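From first to last, the protein sequence lines are chains A and B.
Each residue of the first sequence is one higher than the one before, starting from 1 at the first, in UniProt numbering.
Each residue of the second sequence is one higher than the one before, starting from 1 at the first, in UniProt numbering.
Simulated from the structure, these hints should not be mistaken for laboratory data.
Hints may contain errors.
[What the hints assert, rightly or not] Pairs of lysine to aspartate or glutamate residues, derived as EDC-like cross-links and limited to a Cα-Cα distance of at most 16 Å, are as follows:
| hint | chain 1 | residue 1 | chain 2 | residue 2 |
| --- | --- | --- | --- | --- |
| 1 | B | 174 | B | 218 |
| 2 | B | 37 | A | 62 |
| 3 | B | 3 | B | 363 |
| 4 | B | 247 | A | 62 |
[Said to hold, decoys possible] Here are some chain A residues pointing at chain B (derived, C-beta under 8 Å):
| hint | residue |
| --- | --- |
| 5 | 61 |
| 6 | 90 |
| 7 | 94 |
| 8 | 121 |
| 9 | 138 |
[Said to hold, decoys possible] Computed beta-carbon distance windows for the label pairs:
| hint | chain 1 | residue 1 | chain 2 | residue 2 | range |
| --- | --- | --- | --- | --- | --- |
| 10 | A | 4 | B | 20 | 56 to 62 Å |
| 11 | A | 61 | B | 295 | 42 to 48 Å |
| 12 | A | 41 | B | 195 | 29 to 35 Å |
| 13 | A | 113 | B | 256 | 56 to 62 Å |
| 14 | B | 348 | A | 8 | 55 to 61 Å |
| 15 | A | 19 | B | 256 | 24 to 30 Å |
| 16 | B | 30 | A | 58 | 21 to 27 Å |
| 17 | B | 503 | A | 113 | 55 to 61 Å |
| 18 | B | 194 | A | 25 | 52 to 58 Å |
| 19 | B | 98 | A | 27 | 53 to 59 Å |
| 20 | B | 66 | A | 10 | 52 to 58 Å |
| 21 | B | 494 | A | 86 | 38 to 44 Å |
| 22 | A | 25 | B | 30 | 54 to 60 Å |
| 23 | B | 474 | A | 86 | 38 to 44 Å |
Owing to the predicted nature of the structure, the values given are computational and were not obtained by experimental measurement.
Heads up, the beta-carbon is just placed ideally off N, CA and C, and yes, glycines get one too.
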Amino acid sequence: MVDILRYRDDEAVGHAAVTVDSFLDQSNAAAVRVEPGDDARALLPHLERIALVEVNFPAFGDGRGYSSARILREAGYDGELRAVGDVLVDQLAYMRRCGYDSFEPDAPLDAGDVEAALARWPDVYQVAADQRAPIWALRHGDGHAA
Amino acid sequence: MYKYDTYDQQMVDTRVAEFRDQARRRLDGSLSEDQFKPLRLMNGLYLQLHAYMLRVAIPYGTLDSRQMHALADIADKYDRGYGHFTTRQNIQYNWIKLEDAADILADLAKVEMHAIQTSGNCIRNISSDHFAGAAADEVADPRPYAELLRQWSSFHPEFSYLPRKFKIAVIASKKDRAAMRLHDIGIRIVKRDGALGAAFYVGGGMGRTPMIAPCIREFVPLDQLVTYAEACLRVYNRHGRRDNKYKARIKILVHELGAEEYTRQVEEEFALLLEQGVEPPLAELERIKTYFEEPLFADAAADALDRSDPDFALWADRNTVPHKTAGYVSAVVSLKPPGGIPGDATAEQMRLMGDLAKDYSCDELRVMHTQNIVLPHVRTADLHTLWTALDAAGLGSPNLDTVEDIIACPGLDYCSLANARSIPVAQKIATRFADSGKTAQLGELKLKISGCINACGHHHAGHIGILGVDKKGVENYQLSLGGSEAEDVSLAKITGPGFDEDGVVDAVDTVTQVYERERRDGERFIDTYRRIGMTPFKEALYG
Ligand code: SF4
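Working from the sequences, and respecting the hints, build out all of it.
As structure tokens, then:
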């Protein structure tokens, strides 16, 4: 097993993820892997039987996976959402904000760097999938989000 | 002017700390150049031909004298005593050392400035009308909306790895002084039945495939502005092309899908996002607006100008524009002395402009996308004193919007992508017309030069455009006519075969002769061109 960073308390899914196409064809898989060109919305009718969505980042500069993640979270998906592939420490904070709660990077990350990166930003400017209250909500004290 | 609160300050300070750490990791070798590149780009640091270049954001082109002084100090301390104002209302320093970059960002943060997202495939610094808050024709000051979007787009977690860079401009008048429809998103604040809203134009741009943005929504209510922008960006992030860098801008997506289909997808996404509560409350917009309240203008009767000094009168006629308040004008400080480098200013000039802004312009300056500086609120009574100080510092050229007021990109003198030099061509053209005394007779004539197809010099949008190309290893220049980036937006057409450096200077002269011969009363160059078409110009150039 490769190193997986996980920010969840539940049991990880034990079996390998299948492609979106095979997931839509068969009904028994609980883990599915989304490629950059896949439409994450195709999974929405089936969210209740999914426990793990892996989103592949073949290259860190391809940012489609950020939208895929938010779309799943916005639709209420609360299973594991894992960023896989060219996942670098400097992208972790944004990925967390978009709803990722586990990471399987191609190259192992330094634990200290990860901690520093995730603790870096005291506040955020916008609403995303992580329920953090944006600065405008703090300014106006309306206790937005969680 | 907008002022940071503790939140804004903390975000910028955090960014400085983050970048300091990244630069350290690059310098000690733990980050490769490939890994470091996207990180430095998110902080405006480019590797150019000779050194690093740092691009500093000037949000919607507005700054005060304290900030202008800080920019001057950076030029002295870390560069060679000058800076270059850009077509996106920013400033660039061309001779930066990586070791200094974090310190520069820290100096900037002290005066509420930064270099965040001035490069990279993310939402760039937001530009606006340089006469915002002073123009008589605006329905509102567009800058609060730009500031709202600045905050929304800063460190946006979903839109920091877009297919390509993303530029937004916000204006609030019929006249377009920001090339709004040549941006990825152009927003025009409009009034409908007494209420303000935003018209969205999406998919414009220059570069190798210039396009004029179509209007995809005529009225977005102000309490849905951010949500609508988010929908536009999400459709682009998901479906914009990533297979070819030259087809990755949103203009290609809008063009390939068709404006109607793109709009349909945006509206669908918009409906879903409305449920997500991403929109700041109107109270936030109101909070921002309080920083942009009109300065207390003196109750000045419209003083008649003392025109006894002809040089001053010439400058006042050419370089000042009417203000919404009687007794005031907006004065343009030309950074285009004939023979100079368009958009460059020395540290001393920056300090002088800062001081003059403090004394005579309610402590405000603006950067124009045409690479000049505006003092937006000047009392007519102070104009002569102002001009005297400017003129003594080489900042008094009376050439706003004339053939000498050239936009030129850095070109082969600095830029690693260039095919040809832009600056020397601009210098030769400006000098030729200044020497012949024809500048004033030609009136408004917008000339724009790019050193390669990337079109940073906006040549597609020039009444006269010049594009540097590489012809078998020799610098060659294509001439085009008929572009405009204003409200009468149009794209220029190429005249025919290109010219060498001196040839293109002659060609510009030839083209202006055709205009002088053919023009009718009050026609600008562009009007004459539109009336008579390309043929007479072609005949004169190649006949
Ligand atoms: S137009 Fe080309 S040469 Fe000029 S600055 Fe842009 S990339 Fe460089």
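Quick rundown of the hints versus the structure:
| no. | hint | verdict |
| --- | --- | --- |
| 1 | 174/B with 218/B | holds, 14 Å |
| 2 | 37/B with 62/A | holds, 15 Å |
| 3 | 3/B with 363/B | holds, 14 Å |
| 4 | 247/B with 62/A | holds, 15 Å |
| 5 | 61 | holds, 6 Å |
| 6 | 90 | holds, 6 Å |
| 7 | 94 | holds, 4 Å |
| 8 | 121 | holds, 6 Å |
| 9 | 138 | holds, 7 Å |
| 10 | 4/A with 20/B: 56 to 62 Å | violated, 30 Å |
| 11 | 61/A with 295/B: 42 to 48 Å | holds, 44 Å |
| 12 | 41/A with 195/B: 29 to 35 Å | holds, 34 Å |
| 13 | 113/A with 256/B: 56 to 62 Å | violated, 40 Å |
| 14 | 348/B with 8/A: 55 to 61 Å | holds, 59 Å |
| 15 | 19/A with 256/B: 24 to 30 Å | holds, 26 Å |
| 16 | 30/B with 58/A: 21 to 27 Å | holds, 24 Å |
| 17 | 503/B with 113/A: 55 to 61 Å | holds, 56 Å |
| 18 | 194/B with 25/A: 52 to 58 Å | holds, 56 Å |
| 19 | 98/B with 27/A: 53 to 59 Å | holds, 55 Å |
| 20 | 66/B with 10/A: 52 to 58 Å | holds, 53 Å |
| 21 | 494/B with 86/A: 38 to 44 Å | holds, 42 Å |
| 22 | 25/A with 30/B: 54 to 60 Å | violated, 45 Å |
| 23 | 474/B with 86/A: 38 to 44 Å | holds, 41 Å |
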